[in-house]
Every structure is written in C-alpha cells, then in structure tokens.
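Trainee: As given, the protein sequences belong to chains A and B, one line each in that order.
If you read the first sequence in my numbering, its first letter stands for residue 231, the second for the next number, and so on.
If you read the second sequence in my numbering, its first letter stands for residue 231, the second for the next number, and so on.
These are computed hints drawn from the structure, not numbers from a lab.
One thing to keep in mind: the hints can contain errors.
A pair holds if it fits inside one copy or across any two, identical chains being indistinguishable in the list.
As the list claims (entries may be wrong) - 20 Å max Cα-Cα, derived DMTMM-like pairs, lysine to aspartate or glutamate:
(1) LYS378 - GLU589
(2) LYS454 - ASP274
(3) LYS474 - GLU246
(4) LYS308 - GLU470
(5) LYS474 - GLU233
(6) LYS409 - GLU233
(7) LYS506 - GLU589
(8) LYS485 - GLU377
(9) LYS378 - GLU575
2 protein chains.
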Amino acid sequence: MGESKSVGAQSVRFTEDVYVLGRAAVVGSKEGEGPLRSFFDIIDDTDRFGGENWNDAESRMMQTAAALAIKKAGLTPKQIRMLFAGDLLGQLLASSFGAGELPIPFLGVYGACSTMGESLLLASMAVDGGFADCTEAVTSSHFASAEKEFRFPLAYGNQRPLAATWTVTGSGAIVLGNKTALERSRAQREDTAAVRGGTGKQGVEVVVAGGTVGRVTDYGVKDKANMGACMAPAAAAVVEAHLKDFHRTPADYDKIITGDLGAVGVKIFADLLGQKGYRVEPVQEDCGLLIYDNELQDTHSGGSGCGCSASTLAGYLLDQLYKGDWNRILFVPTGALLSPVSANEGSSIPGIAHAIVLERKQEVW
Amino acid sequence: MGESKSVGAQSVRFTEDVYVLGRAAVVGSKEGEGPLRSFFDIIDDTDRFGGENWNDAESRMMQTAAALAIKKAGLTPKQIRMLFAGDLLGQLLASSFGAGELPIPFLGVYGACSTMGESLLLASMAVDGGFADCTEAVTSSHFASAEKEFRFPLAYGNQRPLAATWTVTGSGAIVLGNKTALERSRAQREDTAAVRGGTGKQGVEVVVAGGTVGRVTDYGVKDKANMGACMAPAAAAVVEAHLKDFHRTPADYDKIITGDLGAVGVKIFADLLGQKGYRVEPVQEDCGLLIYDNELQDTHSGGSGCGCSASTLAGYLLDQLYKGDWNRILFVPTGALLSPVSANEGSSIPGIAHAIVLERKQEVW
C-alpha cells in the first residue's frame, strides 16, 4: 500500500499511476475560430453536431467526444468500466441522453462549470482505488442550450455586461487507466511515445497524481452576469487548501490553471491568494481566457461552461504536458452553483472548485 | 491487497469494511402519516423545515438530515472528508445550497431517483479505496419543489393517473467510515452494540460490501406519469448484471429492494428478471410501496424521488439489518432520466439504477 492516499485536510494522492490513455476535444464554430483551434479534434461550424435541437446537439457533441477519446486510447466502449459525466442543463439532460448511446456504466456528476474537476477526480479514484482498470471523464456545455436554460431566447439578442462570460460550445473527454490498461492499449494509442517523438523503449505519459476536493463557498455575490466573482473565492480556497495539504507553493507548478474565472475573476483569485501569502500570478492561467480572443471575438470576460475547461484540458493543456513545455500543472475547474430558479428568486450564487494535479512522466518500458 | 475490488463486468467489492457509522431520515407530513412513521428521526408536519420557499425547505431538510447523521455517528462535520449529495432539482439546487452550510468538501451527483445508490457507491469507494476515513451520502426530494420543477402549480390541483407516483418529501443521510473511524466514534454512536442489545465486547455493525454500477437503459417509454415502466428495465438489467458478476441468485439476499418502481414498475421488474431465469418475487420489496399506504393515502402507484429510497434506507431498512431480521440486502435505487425540457420536447425517458450490497456483521472487539 505504501503512502497514504488521503492527504492533509481535504486532498487525495494517487499512489498507483493513473494514466491518461486517450483524450478528445470537440467544439463549435466560435471556439474553432479562437486561439486554441489547432488543439481541437473536431470543430463543427454548424454547432449542431447533427442534433435536432440545442440540447440534442449538446448530447451528440458529448457522445462524439466520449467515443473519440476511447478510440484514441485504442480501446472500445465496452472496455470502459465507468463513465463520469455531467453538464449544465437541468437533470444533466445532455449527459444522460449522450450516455444512453454508450454501453458504459454511468455516474452523473454535477459541479456547474467545475464538473470536469469532479469527474476527473472520481474517475481517478476509481482507477487508483482498484475499482476499475479504465474509466472516462466527460463534460460538455453548449452556448445555445445554456442560453435557453439560464438566460434569454437567442433571437432576443440581449445585451451582455462586460463582466459576463460566453458559454463555450464544447466537450472534453479523458480516458484514464491503470498500468495494465496502459500496456494493453499502448500499441493502438495516439498519444504514444512514437507519436510524441520518444525513441526506442522510452516514452512520455501524463498521470493524474492527486487532487483536492473543494467546499461550497458563498461570498454573497448575486450577479449572474459576474460569475467570476462568485467562483473566485472557491478557487482561491481550494488552491490554498491544496498547497497546505501537499506542503507546496505555487512555484511547484509550471501552471495553475483555473476553469473559467474570466478577466474579472482571475484578479480576485490572485488577490485572495496574495492575502494568504501565495503569489500565483507568475504561473496563473485561466481556460476561459485561453479559449477565446476576447478582443477579436467580443466574448467580454472570457469563456465559461463545463465544456470550457474540459475542451481546453483535452486539447491544449495535455498537449503542453506531452510536449514537455510543462511538467506539472494544477487544473482548477471552477463552478457557479446557480440555477434559473435560485437566480430568479434572488439567492446568492455560491461557488465551488476542485484542484487536480497532472504530471508528465518519463516512462521506460 | 487480497481480493480484487473490481468484480465481473460492472461491479465492485469493498475488501476493507465500509461501516455505516450514522444515519438520519428526515421527512414531511405525508410520510409521517405513513406506515414507516416510527423509523424516521424527524417529521415536520409543516413540510417547510423553516424554509422561505419550497426549494429552500428542501435544502434545510437535506442539511438537517446530513447534520443529524453526523451527530448520530458521534462525529462533527469537520471529521467528514467528502459529502456526496444530490437531488432532483435543476443544477442540484437543494444539495448545493444545503451543502453550503456544511464545512465538508462537496461532490454533487445526479442519477434522478437513483441518486442515493450513486452517492452511497461513491462514498463507499472513497472509504474502501483509502481516500477518506469518513464520508457521507445524502439525497433529498420534496413534493412541492418537484411539482414546481416538473409538473403543475400546486394550486392547480391537477388530476393524477393511477400509474403516477407521489414525490416523497424526505431526505436520507448515511455516514460511512473505515475501521479506524468506527473505533473512534464507537463510544458516541447511537447504533452501537449497547443500544442494539449486544453484550460485552460483541456487537452488530452494518457494512457496505459492494455494488454494481448501472447503465442508462432506454426502452422508449415517453409517459412521465408512468416512471415505473421507464425505470424497471434499468433496475432489472443492473440486478441481472449484479447476480452474474457475483455468481449469486436472488435467494442469496434476504431482500432485493428497488427504489421507487411503484405498483406498475415492480411487476415489469419481476417479469423481466423472470425472463432471464431469476425469480425475484419472494425477496422483492420497493421503497415506493413501503413508504405510503397507497389505499389510505391516495398515492396511486407509490412514492418516488431521491428522498424516497434514501429515507427508507436510513430509517426502516437499516433498522431491520441492525435488528437481525435481515442479514444481507440488495438496495437498488432507480431513476428516470427526465427533465422538464426533454419531457416537453417529447423525448423518451431513459432509466438508470445502481445496486448496493448491505450486510449485517457480527463484530467482536
């Protein structure tokens, strides 16, 4: 057994290697025009993904990403023992219907835009705990289905304040596996040493090394057009807890990458951590700011949605790890726990965030 | 490590003991008038739980159950490392706001009325995998918040077809822990050997021994007033998978207890299993049929909702295990993956169910 898997107050360490076996990022037109375009596997310029309506479009996008990541892992859906998936829609509409097309035991999860953090953590725990050799984490969001759920009819063309973010049309899927699954899939995988320039019997893998489960954090912010401010305290709290639990500083990470705090939220996040004595600016990134060119694309405060951090991770972030630009990152998807009902009733918007450690690993086999 | 924690095609076995340390069932007026009244910890005849509106009422009910189960376990909220919770409302409104009042790392889960199955499985995996010494699983539903979300305004007084179920106003919470946590909490716990009639250094515990993760199963049923028919195929499929994975028959269980199939669904469930060669009738129960007196209480096909199976488990079912009336049960919460949007758009209603093994254990310490 060796080292404990339970670390400090609210963290976990994965003591067996939990490998990223496959990954897929499937996005819509706007994301395909953004700075990360070359990192996405599929860009659908119609935003429809063959669906009959916007939630059906999101289901199909999610299902495409889930199936593609499995294929890129060199596996078949039946080899995946558990699928952890979630989205923003009421009753996980997109994931439930998307998962219905896949023959994989299904566990629905919800943490608003932090859902990829939760699903990755649970999918990793299932592998590291010995409950499954292979699992998958998938989340999605769709601009049009989110507007329908939370805001105004698209045709109304409502004005958006500058603090508002733009819901990403995208889905990210990650297949995880233990050493046995890695060895089984190695010959067929896309992210193999051969593809990534390894030589002979040496290659590069990315592992999920641990993480920190966040608490619901409510600073009383009620502005649903400023979700960055709602989520920043939760992100700062989970990063602080993480650094304490692992006895690390921000400098131990090449990047600390929040989900979708956006232009407003990242400043609050850095300020809050600064007050605790942690200087995060030198390594700080935000998926919501990476995925769009906010000036050219008029997205105001950046991207958001379960698909924002998920597609950025499955595309750009993991690419940087495989290439060796980064060796260790802290991935911190952030969520605003907002429902149309709670917002209309004037409730505050609590935030949540989870932190996941991803590491590059030189492998000899 | 010993025995594998991964069993057959889609099951898990918990090889360390995952103990039930505390449990609480908090319900509303109608449930308090039903046949299980003596097994509930708190009955609020106002159905309000001090809340300002129905979703707030549900949040407070959930929070009350979560806190009470921790207290009954002889623990404090800070000793719980992970809270797995979910409810029926869009964006897990009740759980998110309820969890915001508890200082526990939060993982939101959604599987419609099967959510207690999912949260128990994940909370058990976290303990058995060594990621946490103590976790908690909580789910809730509220008749009035569910009617608001899915059906008609209460004042409209809509007619209900006979196949319809009645959403339970209730929340069930279970605190789980490993051997260390059990020993730490033993002196303060309510469900100790002393309370339950054990003598000297011998007592009775209940453990979560394993489970089977279900798949989304869609037979194309579209009638949201007949959710039993939507869920029965998923329940039959997961029970069949469970029995195959563990090489067991229904007779290996004192009871196989579905969540909320209701009067219509239980017949379909038994028929489907019968076609596969499994005779489930002699051990079959359904929380939806246990919780109300359908004739006296005019609940038609029975109770439903995340809180139905959860409060029945935390109250009646666990009591029977502690008392020794049963030694091993299979708890199979069932969910209809229905959203107001999907239902109004004419989609089918897929079902999901998970199976959890609970065993009575004679302990000597």
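Trainee: Indicate, hint by hint, whether the structure satisfies it.
Mentor: Hint by hint, here is what the structure shows:
For the identical chains of this complex, LYS378 and GLU589 are neighbours neither inside a copy (38 Å) nor across copies (46 Å), given an alpha-carbon limit of 20 Å. For the homomeric pair LYS454 and ASP274, neither the shortest alpha-carbon distance inside one copy (28 Å) nor that between copies (33 Å) is at most 20 Å. For the homomeric pair LYS474 and GLU246, neither the shortest alpha-carbon distance inside one copy (22 Å) nor that between copies (29 Å) is at most 20 Å. Proximity of LYS308 and GLU470 under a CA criterion of 20 Å is satisfied inter-copy only: 17 Å between copies versus 39 Å inside one chain copy.
In the homo-oligomer, the alpha carbons of LYS474 and GLU233 lie at most 20 Å apart inside one protomer (18 Å), although the nearest pairing across protomers, at 35 Å, exceeds that limit. For a Cα distance limit of 20 Å, the shortest separation of LYS409 from GLU233 qualifies both inside one copy, at 18 Å, and across copies, at 18 Å. With identical chains, the CA atoms of LYS506 and GLU589 are never at most 20 Å apart, being 26 Å at best within one copy and 47 Å at best between copies. Taking the shortest alpha-carbon separations for LYS485 and GLU377, neither the intra-copy value of 31 Å nor the inter-copy value of 46 Å comes in at or below 20 Å.
Taking identical chains as interchangeable, the C-alpha atoms of LYS378 and GLU575 lie at most 20 Å apart whether they share a chain (18 Å) or sit on different chains (13 Å).
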